[in-house]
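With chain G held as given, fit chain C onto it using these hints.
The listed protein sequences derive, respectively, from chains G and C.
Under my numbering, think of the first position of the first sequence as 85, with each following residue one higher.
Under my numbering, think of the first position of the second sequence as 85, with each following residue one higher.
Be aware that a few hints might be false.
Note: identical chains are not told apart, hence a pair may lie in one copy or across any two.
Quick list of in silico lysine to aspartate or glutamate cross-link-like pairs, EDC-like style, CA-CA up to 20 Å [as the list claims (entries may be wrong)]: (1) 103 to 219; (2) 261 to 335; (3) 304 to 230; (4) 304 to 335; (5) 283 to 225; (6) 208 to 276; (7) 208 to 278; (8) 264 to 335.
If you are wondering where the hints come from, they were derived from the structure by calculation, not from laboratory data.
Number of protein chains: 2
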Amino acid sequence: MEKKIPLILVSNDDGVHAKGINELIRFLRPLGNIVVMAPDSARSGSGCALSITRPVSYEQLSEEPGMTVYSCSGTPVECIKLACGAVLDREPDLIVGGINHGDNSGTNVHYSGTMGIAIEGCLKGIPSIGFSLCDHTPGADFGHLEAHVRHITSVVLQYGLPARTCLNVNFPCGKIKGIKVCEQAVGQWQREWDPCPRKGEANYFWLSGEFINTDPANGKSDNWALANGYAAITPTTVDMTDYPFIDQLKERL
Amino acid sequence: MEKKIPLILVSNDDGVHAKGINELIRFLRPLGNIVVMAPDSARSGSGCALSITRPVSYEQLSEEPGMTVYSCSGTPVECIKLACGAVLDREPDLIVGGINHGDNSGTNVHYSGTMGIAIEGCLKGIPSIGFSLCDHTPGADFGHLEAHVRHITSVVLQYGLPARTCLNVNFPCGKIKGIKVCEQAVGQWQREWDPCPRKGEANYFWLSGEFINTDPANGKSDNWALANGYAAITPTTVDMTDYPFIDQLKERL
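So here's chain G without its partners, still in its complex pose (with noise of 0.2 Å):
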């Protein structure tokens, strides 16, 4: 019996021609047949959001043989619904954002469109990934992800995740140390807007900001193996119910 090819369904959420989407189709294309479905433009933070209010619609930009690429209106979340509801004519075996310009460890993964793209898929029964490198420039170097990228990619495709599972990859910039399988960072955004006063007028500001890691000292955290040398995993769930609280919470009502 033929071998099945596997299908992935790549995103991002900084757009179709951002460097980080087409350095990471190039190291996925050995592993199966590539569909692209990813904002026309960026959409940075865009987290889970839907667009609701206006209709979505996505264009097909080129196609060859195990790689068709479209770009999509809606917002990263929304190419995967896209891809999955109205244009692929079989579920993928695997999502991937990113890669992301930019870091999305610790509490980032809240803000973040690539993780977005991975809760989404993950939502869908889809064992999915989002990857992204700690710099944030546009002409970021991806080149010494690439094995990391593909071996982390095949582990998935081989034995496949839990089901309200998915994973929050991040790589420090430079040389990689190792991989090391982490838990959420525990921190903060602080001082996080930059006055912008407009026609004399103060109460125009620019996100900014800066994390405060107030993780125990335990080295456990996606933040502590980034600043480390480490490329971070950190398995993520979609079930967000706090189990342990549930007992307590009922006593107090």
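Just chain C now, kept in the frame of chain G:
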């Protein structure tokens, strides 16, 4: 010693003029001083999205003893970031989102701007609640929620919440049989796109869909509670790490 009056920061994703937030303010006023920082128009389906590429501004709409109301050009999460980082002179004691016109139970927690507010508050270490009603119409009746909203809020003001946990509270329409502390329902959105061809081009769609619940029939989920006439409180953690999978994943890599 005089007891400090709680400072309650209120926001929503339906916009500052929606009925739901104004009913929420009415319910909460007896419990503390209220500051409202809410989007200047509807931002449904915002999740934890950020604007990033444009500045965010705010404007004071009204001020009276015990209550100040601002509108904001940003997303629900940015309303919280802006109020805490650039407007309020002290940290709020409580952050409340809602009352949303529409159900945010189950996997909707990921797409919800109302829960984006609660998640952001929680990430800042502040006890936070998102309230939603299973009626998305602009004129929805919120009157029957008053005692429940006040009770739940009072409990959180009194006891606080665990450091990385917020509450996702959803109310059914009509008579409420009681309150259940729940787990996030398992299920999937299906048939998510309604075609809306434009000038004969078939590649335009409205986001739509139907939530297919695949819960085990154990009466524990928020979807179950709502379908059976109960208010559902789902304690929701912002730590998305899948701890049980960490060791297994290490072996596979």
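- Which of the listed hints are not met by the structure? Hints 3, 5 are the ones this structure does not satisfy, whereas the remaining hints hold.
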